[in-house]
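> What follows is each chain in one-letter form.
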Amino acid sequence: MSEQELEDRERRDFLGKVTAAVGGAGAAAACWPFISSMNPATNVLSKATTEIELSMIPEGETKTVSWQGKPVFVVHRSPDQIAAMSKSNSRIDPQPDEERAKKSEWLVVVGICTHLGCVPNKTDKGWSCPCHGSEYDLSGRVLKGPAPKNLELPPYDFVADDKLLIGKT
Amino acid sequence: MARLVISWIDRRFPLTKFIKHELTEYPTPRNLNYWWNFGFLAGFVLVLQIISGVFLAMHYKPDALLAFASIEHIMREVNYGWLLRYLHSTGASAFFVVIFIHMARTLYYGTYRAPRELMWWTGQVLLVLLMATAFMGYLLPWGQMSYWGAQVITNLFGATPMIGDEVVVWLRGDFVVGDATINRFFVLHFLFPFLICGMVLIHLVALHYVRSSNPSGFNLDAKDNIPFHPYFTTKDLFGLGVFLVIFCFFVFFYPEFFIESENNIPADPLNTPAHIVPEWYFLPFYAILRAIPDMLGGVVAMVLSILIFTAMPYLDRSKIPGGSRYRPAYRILFYVFVVNVAVLAYVGAQPPTDAMTLLGRIATFIYFGVFLLLPFLSKHEEKWLLERGLSREVLDLIEGEESHERRRKATARREETKR
Ligand code: FES
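Chains as they are written, first to last, in this note's numbering: chain L, 1 to 169; chain A, 1 to 419.
Be a bit skeptical, because a hint or two may be false.
[Stated by the list, open to error] Derived Cβ-Cβ restraints for the label pairs, each shown as a range:
1) S46(L) x C197(A): 36 to 42 Å
2) G23(L) x T233(A): 43 to 49 Å
3) G198(A) x N89(L): 52 to 58 Å
4) A28(L) x P227(A): 46 to 52 Å
5) A27(L) x M162(A): 22 to 28 Å
6) P94(L) x V300(A): 23 to 29 Å
7) R91(L) x G198(A): 23 to 29 Å
It is worth saying that the hints were derived from the structure and are not from the lab.
All of these numbers come straight from a predicted model, not from anything done at the bench.
Heads up, the beta-carbon is just placed ideally off N, CA and C, and yes, glycines get one too.
Isolated chain L, as found in the complex (with noise of 0.2 Å):
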């Protein structure tokens, strides 16, 4: 190295930098398979779909499976609920039933409160959360908050005529 080499300051300066930079990426890089491992596994994810018997359901009444471990509730509505929710909207969330339903007898919703998480409870207007009192009607859409968002809609069809099934196929 000859004199004039080490005397280059600019030179080193860039250099010095250079090799911070590389390092740094490189050290955050190597973050990512770590991060990565905290997401959940492949056993998690394959638990996908659930299947129900829509014949166990009477008019009226509402069942909660689960899926992907989260509860869903199906409720077969009867036809007097269906027309009051086609009346009524929500004001914090709009949205006609007729979106929410895709056969209207049937309504399939996650419950899981949109506000923190906590399974609202079953009451005879649609279901109110224990938690912070938000309280939804009938066609899972939020009257009342903190809740800011109707109840979440899964993927489901029905692959036969009684037969639900949910999650991505």
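Given chain L, put chain A with the ligand in place with the hints provided.
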């Protein structure tokens, strides 16, 4: 023989010097009252929690299917398992009692101000670490309250803009709190206390650098300092005795006092208990969360309610020392704040009725109002106090402090000229 060993060590490690410097000759203000005991007590409870926790971990199983039963096993079959568990569960509450008093002391006497800002901030970090540790530990019994508490708190992270849902799933390792969650919470609950120990070390190094504060708010003259040992070791140990009497009363006679009875039912992911409440030490913050009708707003307010303490050294603009002791307006504000926190805790424990929501909102407003009022209030109070003239007592202290300063500068100058 002992002397030989010690001198052997002293040639390789500054043992005697360290003990002298930090303990037997460590100068401590002679006017410390019993509110200055709580730092030591916090250290004691930390050690107690680590020891009882390690022994509990030898019998506990962090598994969604086995956890609940393993707690029963500890309670019924492990020798003195009940004692280990009740020490640990009561210890958690004791830890917060001690820490809250320790913080209240600092606020009352205004000792978060220069040069002790870093003490205050490392203390804040310790508080957050403690809260995280307590929260994760609470999931481990896998009862209904444990489960739904964890479900609700992890959901708070869903308020993260854009990637909220992904963050929640990542934290849990599942779509709901499940086996993956309890396992990682156990590991982190084991790890965090050691991070706390590290932080405590930094807290103590800072303490021994800036020295203990004292009720006067001034650094006292050298003649008003006495060695830590034996004077304050004795005082701390006496305080410890009183603390242990109260602590053991709960451990042995009311061990279930701090345990929700709902938690004796195993976790059920499909059913939320009718009324879920967090542990008592989270109640004020929980009340603030519920007071805000908007979800993101609620989470932000709750986080802010803890982080806002960090700003105290800047919010308090008065130069009058001694905190509440010489500052009547600040003292009133302090008591308003303490009572208000108690109101929030009460609201947090109640079901969310309309009246409670209203009360919670008012108390939340006051909570933040106190912090926002402080800069103006402290400035005006300072002016008012200076106009009115300070009391003899304070003037004496200021004089003491000034002569102390003068002497310090004089010696520094002398040293300078010598060189
Ligand atoms: S979780 Fe349902 S209202 Fe908060």
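> Go through the numbered hints given earlier and state which of them the structure violates, listing their numbers in rising order.
7
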